[in-house]
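Here the protein sequences come in this chain order: V and F. Position one of the first sequence corresponds to residue -8 (our numbering), numbered consecutively onward. Position one of the second sequence corresponds to residue -8 (our numbering), numbered consecutively onward.
Worth flagging that the hints you see were computed from the coordinates, not collected in a lab. One or more of the hints may lead you astray.
Put simply, identical chains are the same to the list, so a pair is met inside one copy or across any two.
16 angstroms max Cα-Cα, derived EDC-like pairs, lysine to aspartate or glutamate [what the hints assert, rightly or not]:
no.	residue 1	residue 2
1	Lys34	Glu54
2	Lys44	Glu60
3	Lys51	Asp18
4	Lys58	Glu10
5	Lys34	Asp18
6	Lys44	Asp18
7	Lys44	Glu(-4)
Number of protein chains: 2
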Amino acid sequence: MAKNELTNRIRRLRFDNGEMTQQQLADRVGVTRQTIIAIEAGKYAPSLPLAFKIARAFGKPIENIFKYEDESA
Amino acid sequence: MAKNELTNRIRRLRFDNGEMTQQQLADRVGVTRQTIIAIEAGKYAPSLPLAFKIARAFGKPIENIFKYEDESA
DNA sequence: ACAAAATGTAAAGTAAACTATACATTATGT
DNA sequence: ACATAATGTATAGTTTACTTTACATTTTGT
């Protein structure tokens, strides 16, 4: 799994949404803060259900928050 | 992880895309056929990168292929 | 300056997402 | 009818996605 191809703008969106903290987002989507940190930093990719929850928390489509560059190019 | 809240229409899209087989889709997105079977059947949810690849294989947004119902309602 | 909050790092444990392999059943084409 | 292809089920192993806990560092507000 080429997780270094997956990028996101979660930190940007947290800031834009009332300067939400990592803990607040974590509480909102039902995961630990560590998970948010890891995903923000690209340490690992979220599962799809979690991606949905994050997208829902920001009111945006998944593809607006996460970008995936195909490495097979 | 409430994976029973995640549904998909992969089988439908396979049919509509030249009656693609599970193996062809698997080859296309770079996973085993078992993975496709499991995801189609809702056995487990895909990771986000894989969801991106599947979406790209069908030329549709992720949210058009997968539906996630929030269970906190 | 100082306390509290927010963020960052690490590590070990658990569960889920996959892989590989094998066999069975069903569907398809001739 | 028969061979092949497609699908389905099972299982064990590996890797990744998370959780928990702890501590460190930085930032923020007064």
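Results of checking the hints against the structure:
| no. | hint | result |
| --- | --- | --- |
| 1 | Lys34 <-> Glu54 | neither (19 angstroms within a copy, 24 angstroms between copies) |
| 2 | Lys44 <-> Glu60 | between (22 angstroms within a copy, 10 angstroms between copies) |
| 3 | Lys51 <-> Asp18 | neither (18 angstroms within a copy, 31 angstroms between copies) |
| 4 | Lys58 <-> Glu10 | neither (22 angstroms within a copy, 29 angstroms between copies) |
| 5 | Lys34 <-> Asp18 | neither (20 angstroms within a copy, 26 angstroms between copies) |
| 6 | Lys44 <-> Asp18 | within (11 angstroms within a copy, 29 angstroms between copies) |
| 7 | Lys44 <-> Glu(-4) | between (21 angstroms within a copy, 12 angstroms between copies) |
In this structure, the earlier hints numbered 1, 3, 4, 5 are contradicted, and the remaining ones agree with it.
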